[in-house]
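Student: On the provided structure of chain A, position chain B as indicated by the hints.
Those sequence lines, one after another, are chains A and B.
Mapping to numbering that gives the first Met the number 0: the first sequence position 232 is 231, numbers consecutive.
Mapping to numbering that gives the first Met the number 0: the second sequence position 266 is 265, numbers consecutive.
Quick caveat, the hints were computed from the structure, so don't treat them as lab data.
For glycine and all other residues, C-beta sits at the position ideal for the given N, C-alpha and C.
Watch out, some of these pointers could steer you wrong.
Claimed, not checked - Distance windows between CB atoms, simulated:
#1 A/Asn-72 <-> B/Gly-263: 36 to 46 Å
#2 B/Phe-132 <-> A/Lys-114: 58 to 68 Å
#3 B/Leu-186 <-> A/Asp-82: 20 to 30 Å
#4 B/Gly-261 <-> A/Leu-77: 43 to 53 Å
#5 B/Gly-261 <-> A/Leu-61: 36 to 46 Å
#6 B/Asn-169 <-> A/Arg-17: 21 to 31 Å
#7 B/Arg-109 <-> A/Ala-121: 49 to 59 Å
Unchecked claim - Beyond 12 Å from chain B on every Cβ pair, some chain A residues (computed):
#8 Ser-18
#9 Asp-82
#10 Met-144
#11 Glu-176
#12 Ala-239
#13 Tyr-252
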Amino acid sequence: MNQPAQKLLVGDVTLGYRSARTDSFSLACDGLSFDVAEGEFVAIVGPSGCGKTSFLSAVAGLLPVTSGRLELNGEQILGPSPDRSLVFQQASLFPWRTVEANIAFGLKAQQRLDKKGKDRVAGLVELVGLSGKEGKYPRELSGGMGQRVNLARALATDPDLLLLDEPFSALDAQTREVMQEELTRIWQADRTGKGKTAVFVTHDVPEAVFLADRVVVFSDGPARLLEVVEVDLARPRDAAVKRSAEFQAISDYILRLVMSRSQPGRRASDHDSHTTVAG
Amino acid sequence: MTATQLSPGSVRPPVRTAGPRPRRTSGRHLNLVLGVVGLAVVLGAWQLCAVTGIVDPNFSSSPSGAFLALIESVGSGAIWAPLGSTLSIVALGMAISVVAGIPAGLLIGRNKYLHGLTDPLISIMYSVPYVVFLPMLIFWFGIEMNARLVIVVWSSLFPLLINVIAGSRNLDPAYTQVSRVYCASRLYTLRAVAFPATLPYILAGIRQAVGRALIGAIVAELFMGSSGLGYQVQLQTSNFAMDEAMASIAVIAVVAIVLTRGVGHLERRFTFWSASD
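The following block holds chain A by itself, in its conformation from the complex (with noise of 0.2 Å):
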């Protein structure tokens, strides 16, 4: 495999909402290009309210694309599928399950949670370090807890495209830290089925840095690309890489590039000015 396979193709994707009582159209994302290869972990960092979380969506199926291809496998995504599958920012957990029946929920709804699904769900209990907590019910969890939990039911189903929408925001900072270094390990250690391709969107410069393999930046609402980062780190990444030099100087070249396209005033018109280096 010299030339990994292009699994999401994004291409001059716009979407937006329509609001019934007004019936005007607020863009959320305008033009986006760019696309995601197979076994990549990419991650998508903008400024707050700038439309990530709507790009998200569009890709997870449950907001439709106005304009553009939005391709999964060559197929353009119209909907919700089992080929893919979203954490959640806020856990959402069904608190009248306990963490196995949560975890279990998509293959149980998939009608997939035979022996080969509940062994899954054992491995995956194991896998995210919830091992003697199944029979727990959510309000007994942490947040970094729920949050595990969460990503595991999300894996259970063996998606193509795990897609996670800012996972770790509501934590506390030494938990994020955990948490992100936790996604790694069980990123790498996941390999069931054919190996995870991952979106993952943050408004947090260094979390984006320290998990992806290439960082795509979006300006503030409504979202345009302004360039795709490759993060050069080897992997697998530890804390310690958050030190090194190379790592800062990314994350500082990221950070400027939010800063300088998130200063309150701008006008949609300086549109034009942008540079698009696609990856």
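Tutor: Then chain B, alone, in the frame of chain A:
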């Protein structure tokens, strides 16, 4: 009677608070002791008044007299027929309310047009004391079993309906989103997501409905019964059998407490997960 009143449209999610365990248990014991003491003080005062002749026990009965009458009616078996009659009509009325009210409430809650159409009607029916319709109901349905059943259903359906509607309207959009992302079918979403999410509201509705159903049954029996505990009380009071009437009222009180506590127990059993920390 613990039929909680609530204004329509302002139903709060039934959240219980679970404090630290040891304090909670000792608090419960304390409350039990205090409750028994309070009851004993009132009964003691009543007995004292009756014995010393401050009140005439022929009119007021007395705790000891009522207690003896209760023993007598249980011993002779005279209490079972009216008790069975009242319980069976409450059970039948509740069964109709539950079977009709839960699906109707889920449907109305999930459909904004149905909700708009029925909201004022349900609010009015819930707020107006159904007792005012009693003469009309007698006119329409007579004073047979049917008419009493209509009253029981009438009194229990609306609190249940209002709670179920509130529950299904408050379904967390995050839950349905999870369901969509994982490609759950509509049926599976209804069964595994919407139903359990609404269950706390449904059970709170049933708890209120049971209390109201019992009131409805007793009221119906007082006015138009030929059997049942309400009729029994009416008959005994007319015959100046105050001790027996008080004994029947005590039985009604026990039934009311057992029914609402029973549903309360079901609530804790099935919706323990909704308790907030």
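Student: Evaluate each hint against the coordinates.
Tutor: Each hint tested on the structure:
In this structure, A/Asn-72 and B/Gly-263 break the distance hint of 36 to 46 Å, their C-beta atoms being roughly 53 Å apart. As the Cβ distance of B/Phe-132 to A/Lys-114 is approximately 59 Å, the hint placing it in 58 to 68 Å holds. Range check, B/Leu-186 to A/Asp-82: Cβ separation about 22 Å, and the 20 to 30 Å hint holds. About 50 Å separates the C-beta atoms of B/Gly-261 and A/Leu-77, a value consistent with the hinted range of 43 to 53 Å.
Look at B/Gly-261 against A/Leu-61: about 42 Å separates their beta carbons, and that is inside 36 to 46 Å. Roughly 25 Å separates the CB atoms of B/Asn-169 and A/Arg-17, a value that falls within the hinted 21 to 31 Å. Judged by the Cβ atoms, the range 49 to 59 Å given for B/Arg-109 and A/Ala-121 is violated: they are separated by roughly 36 Å. No Cβ of chain B approaches the Cβ of A/Ser-18 within 12 Å, the least distance being about 17 Å, so the stated non-interface status holds.
Against chain B, the non-interface label of A/Asp-82 is violated: not every CB pair exceeds 12 Å, the least being about 10 Å. Once the 12 Å rule is applied to beta carbons, A/Met-144 is consistent with being away from chain B; the minimum gap is 14 Å. At roughly 25 Å from the closest C-beta of chain B, the C-beta of A/Glu-176 stays outside 12 Å, upholding its exclusion from the interface. The claim that A/Ala-239 lies off the interface holds: its Cβ sits roughly 35 Å from the closest Cβ of chain B, which is beyond the 12 Å cut-off.
With a closest Cβ-Cβ approach of about 34 Å to chain B, A/Tyr-252 is found to remain outside the 12 Å limit, as its non-interface label requires.
Figure legend: structure checked against the earlier numbered hints; hints not met, in rising order: 1, 7 and 9.
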